[in-house]
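Let chain U serve as the given structure and place chain V on it in line with the hints.
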Amino acid sequence: MVFEKVAELIAEKIDCDVAEIKEDTKFEDLSVDSLDITEIAMSIEDEFEIEFEASPDMKTVADLVAAVEKKVG
Amino acid sequence: MNFKIIGTGSYVPDNVVTNDDMAKIVETSDEWISKRVGIRERRVSVNDTTLDMGEKAAKAALENAGIEGSDIDLIVAATISADAACPSLACMIENRIGADCMAFDVSAACSGFIFAVETAMGYIERGRAKKVLVVCSERMSKLLDWSDRSTCVIFGDGAAACVLEAREDGFYDSVIHAKGGNDVINIPFSDGCSPFYKAQSEEKPYLFMNGQATFKFAVNSITHDVAELFEKTGLTKDDIAYVVPHQANKRIIDFASPKTGIDLDKWYVNIERFGNVSGASVPIALDEMNRKGMLKDGDKILLTAFGGGLTSGALIFEW
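Residue numbers (the working numbering), protein chains in the order written: chain U, 1 to 73; chain V, 74 to 392.
Since the hints were derived computationally from the structure, they do not count as laboratory data.
Quick list of in silico lysine-lysine cross-link-like pairs, DSBU-like style, CA-CA up to 35 Å: (1) U:K59 - V:K323; (2) V:K77 - V:K332; (3) U:K22 - U:K5; (4) V:K305 - U:K13; (5) V:K97 - U:K59; (6) V:K310 - U:K5; (7) V:K365 - V:K332; (8) V:K332 - U:K13; (9) V:K323 - V:K373; (10) U:K5 - V:K323; (11) V:K108 - U:K22; (12) V:K277 - V:K108; (13) U:K22 - V:K332; (14) V:K277 - V:K129.
Bound conformation, chain U alone:
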């Protein structure tokens, strides 16, 4: 559930097909830079109604999803 929503937000941000985004996809491979991740994190805050900070340690979609799941509980 969290993965599907996060994948949608990433696809919307970088304007790609959501099917291209897998859990093990690296942000580097999507040409997503740190400001893109900040923008995605802010969209996550709106979507899930949580306080959420992106971290430089988040290298893959799975890293991001895990951090969101931790917040959502």
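Below, chain V alone, put in the same frame as chain U:
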């Protein structure tokens, strides 16, 4: 009581520094800076002091208004890069333009112009001033660590000024915020050379900025300040002719503008030519718009800015 802006002026140094020029100083590239921040070039002072730039902008605004320095009865300057702790930039501009009036500085970093206009409006409303010169001048290049590629590519030098005249007609309203802290943006002074002072800081006396936290603060500030101002005034996006945002990062504007509901084509952007000129960014843009003949009588203009402090604010006035 309201005001009308009866004159604008700006000045930027002649020295154009392109992204390719920056790539010779730090490890960066035109592609990285353009994509990441939206800047292609900036102006960097070779001989102009902060006062020199402020004086030239002030004189241009007076000329545009068709008045003399002696007609001004208040000068409010906003700067974080003054040449001296004393006298204030406003007092030295008073000296250079031949004025004889109240003059003082306000400090609100990149929100400086908004805070200065808000201060000026207080004097206008109390009937204490009829013609106010608001000046923002920044030599950001002296505050930068030129070995830090994450910050030195972002900023530029320049100045701009406006002459505000008290009027019964017109429109003005604003929202102003400050959220004190130095963890996101900080520009410390040097500790001086007192032989008694023992709490010497290890911070360099240069600009520090947490880019991601600044980005988030900027987007949230624009979104909240504009919504709050619309709620306060009862105005809507359709009432606004132009938005003049602080020119910090093109991507902040691109990301924040849809959240306000105001079409991106109403947002005036010139960051690609000047970079972030702190408090002078908004009035430099306003002067460009004025001189291009874009602004018509009765147009409602929305200014929005955010910066160190952390400070933010938005105001709507009528041209």
